[in-house]
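Chains L and C, in that order, give the protein sequences.
Residues in the first sequence are numbered from 18 upward in steps of one, following our numbering.
Residues in the second sequence are numbered from 21 upward in steps of one, following our numbering.
Don't read these hints as lab results, they were simulated from the structure.
Treat the hints with care, since some could be wrong.
To be verified - To spell it out: a stretch of chain L is covered by chain C in this simulated footprint if at least three of its residues, at any positions, have a beta carbon under 8 Å from a beta carbon of chain C; those stretches are:
{"hint": "1", "region": "135-143"}
{"hint": "2", "region": "379-386"}
What the hints assert, rightly or not - Some chain L residues judged to face chain C by a derived CB distance under 10 Å, without partners named:
{"hint": "3", "residue": "Glu20"}
{"hint": "4", "residue": "Asp23"}
{"hint": "5", "residue": "Leu48"}
{"hint": "6", "residue": "Glu198"}
{"hint": "7", "residue": "Phe209"}
{"hint": "8", "residue": "Lys293"}
{"hint": "9", "residue": "Tyr295"}
As the list claims (entries may be wrong) - A short, non-exhaustive set of chain C residues, derived as facing chain L with CB atoms under 8 Å:
{"hint": "10", "residue": "Phe212"}
{"hint": "11", "residue": "Gly213"}
{"hint": "12", "residue": "Tyr224"}
The C-beta atom is built at its ideal place from N, Cα and C for all residues, glycine as well.
Residues per chain are reported as follows:
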Amino acid sequence: MVEKFDAIVIGAGPSGNAATYTLAKAGLNVLQLERGEYPGAKNVQGGIMYAAELERIIPDFREDCPTERHIIEQRIWLLGDDSYIGTNYRSDAFNTDKPNRYTIIRANIDKWWGEKIREAGALQICETTVTELIRNESGRVIGVRTDRVGGEIHADVVIMADGVNALLAKRGGLQKEVAPENVALAVKEIMFIDPAMIEQRFGLKDEEGVVIEIMGKVTKGMVGTAFLYTNKESLTIGIGCLISDFKSGDCTPYKMLEDLKKHPVIAPLIEGAEMKEYAAHMIPEGGYKAVPQLFGDGWMVVGDAAHFNNAAHREGSNLAMASGRMAAETVIEMKKAGKAMSAANLATYKAKLDDSFIMKDLKKYRNLPGIMHENKQFFGAYPDLLNAAAHNLFTVDSVDKKTKENEIMKSFVKKRSPFGLVGDAFKLMRAFR
Amino acid sequence: MHIVVCIKQVPDSAQIRIHPVTNTIMRQGVPAIINPYDLFSLEEALRIRDQTGARVTVLCMGPPMAEQALRKALSLGATDAVLLTDRKFAGSDTLATSFALVSAINKLSAEEPVDMVFCGKQTVDGDTAQVGPGISTRLGLQQLTYIEKVESVDLEKREITVHRRSEGGVQVLKTSLPCMITMLENTNTMRFGTMDDMFRAARYKLNLWSKDDTNCDETKVGLKGSPTVVSKVFVPKPRAEKSKFIEGDTPEAQAQAAIDTIFGAQPKLAEDLMSAR
């Protein structure tokens, strides 16, 4: 006999967990399928967790959620060859009862969330890969098939939260292959270190944490960014660039990460730390223009699989959780009203997304991916110029300041030309507006 | 036909790390798995089940978190699962553990007589290989250790034929049921459970048995019932001696150089060998 559920959620990442938990809490008969050995086994995130979305789904999550450190300081660095120029913001006001941002280790969070999901009454089955969507004669999705014997399972609606590759949607002809310039490949290491060393090097106490977001020459002119996060007793360091750039460039991701670790401003921060875990993952970077069809007869797609990622602000998991919640809320509303899970009814999900920060933010930055992809100077020439300018300005060598300013101006004009500078300023404005 | 498979939840020894600062074993974050040797026994039990329609009950003694190991065993196809969990069992050595497991097997036998007990060859955390034989001794079962193949099970004659690996070769043994079997590693490949198994494992209401549920003598389990004393735990020192390269122009010269080196280091051995000549 074929099992039948109100909803099937595919994937136990942030979006799938949000959807499953929300559905189970509303009393629906929901099945979550995960291909990994346990929830989180396959998941990789930098990672910073933004509390607001999780709090909306699980208000008292702070009681037992295994977060690492709450962030009290944000640094943004532009790397030169042997220097950085950047900004810091640190505030004791971030030390509240309900901090807004935490460093996390994704697998720990998803394991914890998995327990919450089972407690909420959902059926969670791991080590089971969904191989295809099952449709009826009229093309409506009525269930899934898994890689196990007797693997056919039916449901009123299928929520695909299967991550950046969105294999199911692709196999089902609902999405096209992602263009290489629309995905980044990021690699990271979790490095073990004595917590006392973290606290000493970054000026922290208790569970305070620091985040460093990095851009610059270390990506060898490719479109990409790097990061260094403080966890409880480890540091996470990583770097990622667009796959299209890796393809045409001659630098491998792990070589780039090694270079980052050896950089003279980074090396002292990670000295003595021992690599514990190495991970790599793809990140959807195409933004608004890369968002695929999000719903249809009997199906919806959420999280990375829907390309929900705000590259400009390094937000992804919060978009994932919010989209998972909205998809679940849509199902709950239809169920209550006794309506079918047809494309016309599930359009409510798209309306919810459009009305939220997800689509509003993605739309705001819709030009960013294209502009960055075609203007590599933002990742190579400018960090270099700014570092050189700072070096010149902060070297006191009896050269008068007017001459120094002229030298700096000249270096910019020489590298980018007056028209180039004006054009770049205009492009940056367009990208972020 | 009723088969009991005893499993243990152990830390995944492949993923244990040494804390860089304190040099102690870090159990935190190390995944707990079914003792890998137990899986060969579970698979063999399931194969007998496939042929005979036997009931396969997995039995585990451990803390409440060992539920994961039992659910995993159910998802691989086991019929039933029992978790023997009680603070009073904590600190049991191999003697006390086998005693506690025997009391649970007796309770299972009262439900449906147990014909075969499968155990792992040994665990990857304790490595003693004592619990299986401990069970068979107490229950008076035929003891079949280091089995590489179960050739046949004859339910009418109540006979079993197995291949047992021994130092000199393979023994083909025939004996009567009930028996206790420990399987050698790599003698079979664990199956991939069906979708039905997965559903059943996820929904199964686990049987939790305490010491009192099994009517087990309190003085024979836990720390009280454990005569084993761990006096010291230490990390073996790496060998200080460096390897030596033995050189010579001809094979004969190389052999002579090797003998000279050995005899140089072991004068007593040289003396004994020479006098034996």
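Verification of the supplied hints:
Only residues whose beta carbon comes within less than 8 Å of a beta carbon in chain C count, and the region 135-143 of chain L has 3; three or more means the coverage holds. For the region 379-386 of chain L, the assignment as covered by chain C is violated, since 0 residues bring a beta-carbon within under 8 Å of that chain's beta-carbons and 3 are needed. Taking 10 Å as the C-beta cut-off, the interface hint given for Glu20 of chain L holds, the closest approach to chain C being about 6 Å. For the restraint placing Asp23 of chain L at the interface with chain C, the shortest Cβ-Cβ distance is roughly 16 Å, beyond the 10 Å limit, so the hint is violated.
Because the beta carbon of Leu48 of chain L sits about 9 Å from the nearest beta carbon in chain C, less than 10 Å, this interface hint is met. Annotation: interface hint on Glu198 of chain L violated; nearest CB of chain C at approximately 37 Å, more than 10 Å. Hint status for Phe209 of chain L: holds, given a least beta-carbon distance of 6 Å to chain C, under 10 Å. A cut of 10 Å between beta carbons decides the hint on Lys293 of chain L: the least distance to chain C is about 7 Å, and the hint holds.
The beta carbon of Tyr295 of chain L is not positioned within 10 Å of any beta carbon in chain C (closest approach about 14 Å), and the interface hint is therefore violated. With 8 Å as the threshold, the beta carbon of Phe212 of chain C comes within range of chain L, its nearest partner Cβ sitting at about 7 Å, so the hint holds. A hinted interface residue such as Gly213 of chain C counts as satisfied when its beta carbon comes closer than 8 Å to some beta carbon of chain L; here the least separation is about 7 Å, so the hint holds. Among the interface hints, the one on Tyr224 of chain C is violated; its C-beta lies about 12 Å from the nearest C-beta in chain L, farther than the 8 Å criterion.
The structure does not agree with the numbered hints 2, 4, 6, 9 and 12 stated previously, though it agrees with the rest.
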